[in-house]
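Asks: Make the full structure from the sequences, and use the hints.
In the order they appear, the protein sequences are chains B and E. Using my numbering, read the first sequence as starting at 31 and increasing by one per residue. Using my numbering, read the second sequence as starting at 186 and increasing by one per residue.
Keep in mind the hints are simulated off the structure, nothing from the lab. Glycine residues also receive a C-beta, built at the ideal position from the N, C-alpha and C atoms. There may be inaccurate statements among the hints.
Claimed, not checked - Now the stretches of chain B that chain E is said to cover, found in silico as 3 or more residues with beta-carbon under 8 Å: (1) 42 to 55; (2) 94 to 108.
What the hints assert, rightly or not - Computed, partial: chain B to chain E, Cβ under 7 Å: (3) Thr38; (4) Ala59; (5) Asp73; (6) Val114; (7) Val118.
What the hints assert, rightly or not - List time: in silico DSS-like cross-link candidates among lysine-lysine, alpha-carbon distance up to 27 Å: (8) E/Lys224 to E/Lys305; (9) B/Lys106 to E/Lys494; (10) E/Lys361 to B/Lys106; (11) E/Lys281 to E/Lys407; (12) E/Lys361 to E/Lys224; (13) E/Lys361 to E/Lys407.
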Amino acid sequence: MKDMTFGTILAVFEEMFGIGLFWTLVAVAALVTVGYVYVLIRDHSISWRKFLLAQLSMPIGAILSVWFVLLVTNSKLTDLGGPVDIIVFLGIAVAGAIGIAILVYTVQSLMRPKH
Amino acid sequence: MTKLTANRRQFLALAAGGAAAAAVSVPQEGRAQVATSAKIVIIGAGAGGTALANRLVSRLNGAQITLIDPRVEHLYQPGLSLVAAGLKPASYVVSKTTDWLPDGVTLIAEAAAAIDPEAKTVDTASGQKVPYDFLVVAPGLVLDHDAIEGFSLDMVGQNGIGALYAGPQYAAATWKAAQAYTETGGVGLFTRPATEMKCAGAPLKHTFLIEDIARTAGTRGKLDVHYMANNDSLFGVPIVSEKVRMLFGDRGITPEYSHVLRGLDAGAKTATFATPEGDVTMDYDYIHVIPPQRAPEVIRQSGLSWADKWTDQGWVECDMATLRHQRYDTIWALGDVAGVPKGKTAASVKWQVPVIEDGLVAAIEGRESTETYNGYTSCPMITRVGRAMLIEFDYKNNLVPSFPGVIAPLEELWISWLMKEVALKATYNAMLRGRA
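Replies: Put into structure tokens, the structure is as follows:
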């Protein structure tokens with residue numbers, strides 16, 4: 031890849047999703063992250079009860095993200111061919127797991143501030 | 186330890202400040218524009234012409250940039266292989282030429298009819314004379330279907346005939362014929378021409394994909410698949426050719442070396458090949474036709490072609506590093522039409538555009554250009570639905586992987602397939618806009 035700059039990567043992602051959808055997704059991700067940091071600071075501590083449910087949702091997030099990638103790319107699990115494929119696969123699963131955990135934790139904290 | 190505390194208002198202020206800081210720190214194009222009144226004409230508004238026009242518009246101030254191209258539709262040609270394997274609809278590759286052109290350029294929607302490199306003018310089909318200070322020829326190439334005896338494009342999609350290069354509707358029709366072949370089986374002949382061609386990986390991809398689709402459908406046993414190489418190798422880069430030979434061995438695909446398609450008899454379902462031992466006629470149930478490829482007539486008639494190389498094909502005589510014409514220093518060749526040993530792919534165009542941009546701007550500024558093209562070409566060689574090899578190479582047939590040690594070029598990988606499926610078109614579009 032020639033000139034792999036931040037601007038190039040941004041341009042590629044804008045083309046991939048369309049400018050509107052891409053920035054909407056970025057905004058949603060940013061909002062959830064901001065919400066998560068907000069409830070952490072507001073509550074001064076992690077609520078382990080809420081964290082438990084967040085943890086339980088992680089496998090669902092992992093499976094959903096992998097399923098989504100396979101669906102949009104006409105591929106299947108048996109196509110994984112080398113070490114880098116396993117790393118990418120696990121990376122997608124981990125990203126999905128962490129994403130949904132943060133989402134679930136934040137939504138719970140915002141809906142039920144005190145437990 | 187200090188306790189981190191904040192109320193809602195403070196927190197929101199902090200978050201807003203962070204977002205603003207992030208927005209400010211996005212890098213902007215920093216180069217100053219060059220003031221000029223130069224008349225720049227680009228023949229062709231395909232991948233190369235469009236990408237270059239977008240870059241020149243942001244780089245130059247005051248230049249008169251004119252594109253000459255009659256094509257209403259812009260084709261994302263790397264997608265044709267996917268259309269011909271039923272993985273994408275024909276619409277996947279089609280957009281409008283004008284969708285990608287920047288403000289401030291003029292599009293003359295006509296074919297270029299003549300180029301006079303001495304008088305520095307281009308005549309259009311309607312007789313309009315367009316003068317230039319600098320000319321970039323990027324008209325693409327011509328598929329010479331008439332050179333295949335007994336073949337015409339209206340045959341594509343029926344009686345086991347495919348021709349995916351011919352355009353989106355033909356790629357879709359090719360899938361119709363190829364899909365029928367994966368069900369009924371028989372002898373499949375996958376050809377390629379003996380001329381220079383765009384994306385020499387595409388004939389291999391089509392072979393691999395159709396074989397894989399039959400395998401998945403459980404009909405592979407009915408297929409007898411032959412790849413008809415134009416010479417004694419399967420790919421121009423020797424190490425890749427060897428890898429393909431091994432994959433063919435694994436997959437039960439028979440390579441037929443030095444078999445160049447001359448003609449076919451659609452009624453009898455036979456094809457005739459020129460071989461070193463003379464003509465050979467073979468029966469087929471499915472044949473994929475890729476015709477000889479040549480520079481457009483206007484290039485060949487204008488005296489811009491090589492006189493001693495590719496004389497039957499007429500590619501533009503240009504320096505292989507700067508892409509500047511050898512005899513006319515106000516002319517550059519970009520993309521398929523350039524008479525260089527490699528580089529008839531969209532990935533090559535991506536590498537060539539900044540070189541020509543620098544050459545043009547340097548000429549305007551009166552300095553030497555510094556950018557050079559090393560023959561970079563990339564081919565995500567699809568070997569089955571879901572896997573590809575990300576092959577990148579240069580003039581010297583060296584492999585030049587973008588991600589050395591991470592993505593192995595000669596391994597069939599899912600990540601390389603993901604790139605082809607997800608990132609390639611986005612990167613291509615970003616290139617068209619001059620942003621990649």
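Asks: Which numbered hints are broken by the structure, listed smallest first?
Replies: 4, 5, 9, 11 and 12
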